[in-house]
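Protein sequence lines correspond, in order, to chains A and B. My numbering puts the first residue of the first sequence at 1, with every later residue one more than the last. My numbering puts the first residue of the second sequence at 1, with every later residue one more than the last.
Because the hints were derived from the structure by calculation, they are not lab data. Any given hint might turn out to be false.
[Said to hold, decoys possible] Quick list of the computed label-pair ranges, beta carbon to beta carbon: (1) Trp153(A) / Asp77(B): 49 to 57 Å; (2) Arg131(A) / Gly319(B): 45 to 53 Å; (3) Ala279(B) / Arg6(A): 55 to 63 Å; (4) Ser56(B) / Ile145(A): 57 to 65 Å; (5) Val326(A) / His214(B): 46 to 54 Å; (6) His214(B) / Leu194(A): 54 to 62 Å; (7) Gly97(B) / Ala122(A): 46 to 54 Å; (8) Gly134(B) / Met134(A): 55 to 63 Å; (9) Gly97(B) / Pro183(A): 42 to 50 Å; (10) His152(B) / Ala122(A): 28 to 36 Å; (11) Asp133(A) / Ser41(B): 33 to 41 Å; (12) Ser56(B) / Arg131(A): 26 to 34 Å.
From the three backbone atoms N, C-alpha and C, an ideal C-beta is built for every residue, glycine too.
Spelled out, the chains give:
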Amino acid sequence: MPSRYRSYLRFLGRRLAVTAMTLFGLMTLVFLMIKVIPGDEARIIAGPEASPAQVEAVRVKLGLDAPLVVQYVRFAGRVAQGDLGTSISTLQPVVRDLAEVLPSTLELVVATMVFSLLMATAAALVAASRRGDMVDSSSRVVAVIAGGLPTFWLALVLQYLFAAKWRIFPISGQQSFQFIADPITGSPLLDALLRGNFSAFVNAVDYIVLPATALGVFFAAQLFRTLRASLISILQSEFIVAVRSKGASFARILLRHALPNAMGPTITLAGIQLGIMVGSAVLVEGIFGRQGLGAYLQNAVAQKDTFAVLGTVLVIGAFVCLINLVVDLLQLALDPRVRAAQFEGAAR
Amino acid sequence: MNAAPDLAAAEAVEAAAPELLRVEGLSVSLPGGVALVDGVSLTIHRGERVALVGESGSGKSVTAQAVLRLNDRLRIDGRVMLDGRDILSLSEREMAGVRGGRIGLAFQDAMVCLDPIMTVGDQIEESLRIRGVGRAEARRRAIAILTELGVHDAADRLGSYVHEFSGGMRQRVVLAMALVAQPDLLIADEPTTALDVRVQRQVLDLLDQFAANHALSVLLITHDMGIVASFADRVVVMYSGRIVEDASVFDLFERPLHPYTQGLLAAIPRVDRSQDELAAVPGSPVPPALRPSGCAFHPRCAKATEVCRTEVPPLETMGGRRVACHHPATDGVHAV
Chain A
1 MPSRYRSYLR FLGRRLAVTA MTLFGLMTLV FLMIKVIPGD EARIIAGPEA
51 SPAQVEAVRV KLGLDAPLVV QYVRFAGRVA QGDLGTSIST LQPVVRDLAE
101 VLPSTLELVV ATMVFSLLMA TAAALVAASR RGDMVDSSSR VVAVIAGGLP
151 TFWLALVLQY LFAAKWRIFP ISGQQSFQFI ADPITGSPLL DALLRGNFSA
201 FVNAVDYIVL PATALGVFFA AQLFRTLRAS LISILQSEFI VAVRSKGASF
251 ARILLRHALP NAMGPTITLA GIQLGIMVGS AVLVEGIFGR QGLGAYLQNA
301 VAQKDTFAVL GTVLVIGAFV CLINLVVDLL QLALDPRVRA AQFEGAAR
Chain B
1 MNAAPDLAAA EAVEAAAPEL LRVEGLSVSL PGGVALVDGV SLTIHRGERV
51 ALVGESGSGK SVTAQAVLRL NDRLRIDGRV MLDGRDILSL SEREMAGVRG
101 GRIGLAFQDA MVCLDPIMTV GDQIEESLRI RGVGRAEARR RAIAILTELG
151 VHDAADRLGS YVHEFSGGMR QRVVLAMALV AQPDLLIADE PTTALDVRVQ
201 RQVLDLLDQF AANHALSVLL ITHDMGIVAS FADRVVVMYS GRIVEDASVF
251 DLFERPLHPY TQGLLAAIPR VDRSQDELAA VPGSPVPPAL RPSGCAFHPR
301 CAKATEVCRT EVPPLETMGG RRVACHHPAT DGVHAV
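Extracted from the complex, chain A is given alone in its bound form:
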């Protein structure tokens, strides 16, 4: 139906406009943070040993002597051109730094989300279909406990048991030395796939299992609880009895009718979780020695590397906006009633 595609495009256009405004607000906030943070930018950039004259020279050179409004317009112009400033610790453009570290973090976050969703969905399907019995009750207890484990503690325990003691998984890093090649995207998993190198892919999976597990357990527990509750409420609705009266098997009822109808809240939650996960990934990356955003951000904060920190904030903000957009599109694809509400609302 071409009209439906046109509706999708119109929706996408409207949402992109909203996203642009959100990012503009975030950028403004970031600019104000630079100005509010204690410490003279010119002083920091010139370095601790610079003379007052040198600091003044830097100030004039970078335009930091101009009125705030002028500085803001220039800053916005640079950001619009994809220039987030230069890191004082790597002496590289922040954008280039981020291009190096972001893929590793995104790889971890996406792998964790896939792992969490699979675990949570499998467990919720089993628990909801055996509601109230031993399997269901014990899975709920496990979920409560799993949801309460601190991520950094879990990371350390997993590392100690599975890497140091039993040597099942590598203890640290993101791929073995022999598989390191010129990055295409910077994500070992994705690069191995793009090269068609199966053993490199397996190797990268080996490295990501422990950090993804440590990071994912908390999120998987939340997803499980949400999906289980939705499934149980859907399974009690009248149309499920109607499907059964057609002669459908329980597996079919569960997978073809109950699950698609129950996914909505879980997808929304997963979207929110992805944003939070980037924050938690910083901790886990540190413990497992992954060269991602976490190490970069830690270093940037320690070095008072203002542009690096703020560039990272802006990029994470953009990531969250993108996830929100994807979640909305998924909800549209999943539920015709949401489509009707959105598309007819747009027509008016």
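Guided by the hints, dock chain B onto chain A, whose structure is given.
Chain B alone, transformed into the frame defined by chain A:
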């Protein structure tokens, strides 16, 4: 109207037609032990249309769902014989074959009994796809049955969703879903209650036509005596989980034997008689948990005596019909 020859013909058919479904001593109870349905027995012959009548909570729908074992939380006792085979003892897998395949079930409120996010076409075809019918063949038969049920642009409507349909169209979809796999018996649970009167008429006429064309047996659950009169061959009246009367439509409307049936019939508004006030059965129906001893209807019955309070009246056959009452209005019936 010349009703007598019709009646004779109907009785001849009934006598000749083989039994399709025989429910014997069906009791359905909640986990706590309250019997929602208490010892119901009824028979449906091939091609016969039986109306199951009663107020809300009388156990009509519970009986229907128990026949197909649709609620696992309820305890079901008794026998449900389909072509001489007890389907209550079937495995879950065999039962799935009966559901939709031998016995179709159409629900009351189409808005809540259809999957909101699956296309109407996929839902109708599902009844066939489950049984191994190919995609193209299933689509062809879905279009055919919707067309037969009066949806003229059926092929174009299959990709729509429930919320895009009007009430009358939705109910046709529900009927198509129950009938597409060509069951021998349709159990229709208040199929027109959610519709306005004009659409009700249309849907009933379509169902009437369809049943006639396909020699379909129908168990119609309703509380609308007007629908009963125009659609059914035979009427089974339930009160508080028990059958109180079972008779041909003609006999029942002509001479109701049970005081409760008499009350139900008196409550039908008539345009051909002047009435200052609409008659109603005094009191209100009792929930199964509070079912009184003896005849469950006795607190609302003008004829109730001591025996009604203590003894449950058995469902007794008299003159080709059944009634469960200690004081039935039998004058003249035995002579038939």
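Here is how each hint holds up against the structure:
no. : hint                              : result
1   : Trp153(A) / Asp77(B): 49 to 57 Å  : holds (55 Å)
2   : Arg131(A) / Gly319(B): 45 to 53 Å : holds (51 Å)
3   : Ala279(B) / Arg6(A): 55 to 63 Å   : holds (60 Å)
4   : Ser56(B) / Ile145(A): 57 to 65 Å  : violated (46 Å)
5   : Val326(A) / His214(B): 46 to 54 Å : holds (49 Å)
6   : His214(B) / Leu194(A): 54 to 62 Å : holds (59 Å)
7   : Gly97(B) / Ala122(A): 46 to 54 Å  : violated (29 Å)
8   : Gly134(B) / Met134(A): 55 to 63 Å : violated (42 Å)
9   : Gly97(B) / Pro183(A): 42 to 50 Å  : violated (57 Å)
10  : His152(B) / Ala122(A): 28 to 36 Å : violated (45 Å)
11  : Asp133(A) / Ser41(B): 33 to 41 Å  : holds (35 Å)
12  : Ser56(B) / Arg131(A): 26 to 34 Å  : holds (28 Å)
Hints 4, 7, 8, 9, 10, counting from the list given before, are not met by this structure.
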